[in-house]
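Asks: Top to bottom, those sequences are chains A and B.
Per this note's numbering, the very first residue in the first sequence carries number 497; after that it's consecutive.
Per this note's numbering, the very first residue in the second sequence carries number 497; after that it's consecutive.
Hints listed in this document are in silico derivations from the structure and should not be mistaken for laboratory results.
Only a predicted model underlies this, so the values are computations on that prediction, with no experimental measurement involved.
Among the clues, some could well be false.
A pair counts as met if it fits within one copy or between any two copies, since identical chains are not told apart.
Straight-line Cα separation of at most 16 Å, EDC-like style, residue types lysine to aspartate or glutamate; simulated pairs [as the list claims (entries may be wrong)]:
hint, residue 1, residue 2
1, K534, D500
2, K534, E620
3, K561, E540
4, K534, D570
2 protein chains.
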Amino acid sequence: MHLDHRLNQSSEFIADLTVCQARLSHNAAFPWLLLIPKIDNVTEIIHLSSPDQHLLMDEIALISKILQDLFIPDKINIATLGNVVPQLHIHVIARYQSDAAWPNPVWNTVNQEYSETDLQARVELIRQHIQFYFQ
Amino acid sequence: MHLDHRLNQSSEFIADLTVCQARLSHNAAFPWLLLIPKIDNVTEIIHLSSPDQHLLMDEIALISKILQDLFIPDKINIATLGNVVPQLHIHVIARYQSDAAWPNPVWNTVNQEYSETDLQARVELIRQHIQFYFQ
Numbered sequence: 497m498h499l500d501h502r503l504n505q506s507s508e509f510i511a512d513l514t515v516c517q518a519r520l521s522h523n524a525a526f527p528w529l530l531l532i533p534k535i536d537n538v539t540e541i542i543h544l545s546s547p548d549q550h551l552l553m554d555e556i557a558l559i560s561k562i563l564q565d566l567f568i569p570d571k572i573n574i575a576t577l578g579n580v581v582p583q584l585h586i587h588v589i590a591r592y593q594s595d596a597a598w599p600n601p602v603w604n605t606v607n608q609e610y611s612e613t614d615l616q617a618r619v620e621l622i623r624q625h626i627q628f629y630f631q
Numbered sequence: 497m498h499l500d501h502r503l504n505q506s507s508e509f510i511a512d513l514t515v516c517q518a519r520l521s522h523n524a525a526f527p528w529l530l531l532i533p534k535i536d537n538v539t540e541i542i543h544l545s546s547p548d549q550h551l552l553m554d555e556i557a558l559i560s561k562i563l564q565d566l567f568i569p570d571k572i573n574i575a576t577l578g579n580v581v582p583q584l585h586i587h588v589i590a591r592y593q594s595d596a597a598w599p600n601p602v603w604n605t606v607n608q609e610y611s612e613t614d615l616q617a618r619v620e621l622i623r624q625h626i627q628f629y630f631q
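Between the sequences and the hints, there should be enough to build the whole structure, so can you do that?
Replies: What follows is the structure, encoded as structure tokens:
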């Protein structure tokens, strides 16, 4: 799997699912995951086969449920934009009425850093929940 | 089907699909469609059944293909946010490197009005393409 260097540098590997790699955004201001289909040269959902589109939806739902369970957000934001990084990637973000960007979308707003300990702890927490659902 | 008054006032009915109603955003700055599941009290994709989630993905792909065919965009942006209007609605937007918000997301950027003639012409064009694919 080719991974765009900007996606690689701005997020942390969590787990490989059936179609996507799940990663945690390095931006600690929001519980923010990325789903990146492990298929080269794909920039749009319509480049995926119909079965892969359905599997992608299953993985979006899986990650949404995990964010719901772990972080009890007020809203889940799901988006694929790709205007800056064309490689297909889907944002799944837990939002709160109390968060730093509410009610606006998160892009180009606040950026906070995780400590290395907090980053690894959150990755491990989400990884365990993915394993629980995914097996 | 209950339709939030803000969605109703900011967009125009195009067609009823299997799961969603397709509507055209009144913002003429972007070719911008909305898919709104015709199921009451749904604010998250994970509130839909798994079969309905797959049908929703099919309808997102259908609308994406139609935007691709008709408007030949540089990128398609797909998102469900719902921070302001909780009723589940999915944005499917044709984006250009030359558009007024590129490369940023479209929300809270430019708002242009259609003339009534242009609005109805665009609705009719998209409706015909939906009928072509959907039958």
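Asks: Between K534 and D570, at a C-alpha cutoff of 16 Å, which is it: within one copy, between copies, both, or neither?
Replies: Result: close neither inside a copy nor across copies, 30 Å intra and 22 Å inter.
Asks: Is the C-alpha distance from K561 to E540 at most 16 Å within one copy, between copies, in both cases, or in neither?
Replies: between (24 Å within a copy, 10 Å between copies)
Asks: Please work out whether the CA atoms of K534 and D500 approach to 16 Å or closer within one copy, between two copies, in both situations, or in neither?
Replies: within (12 Å within a copy, 37 Å between copies)
Asks: 16 Å Cα cut-off: does K534 pair with E620 within a copy, between copies, both or neither?
Replies: Neither, since 21 Å and 38 Å both go past 16 Å.
This entry does not satisfy hints 2, 4, going by the numbered hints stated previously.
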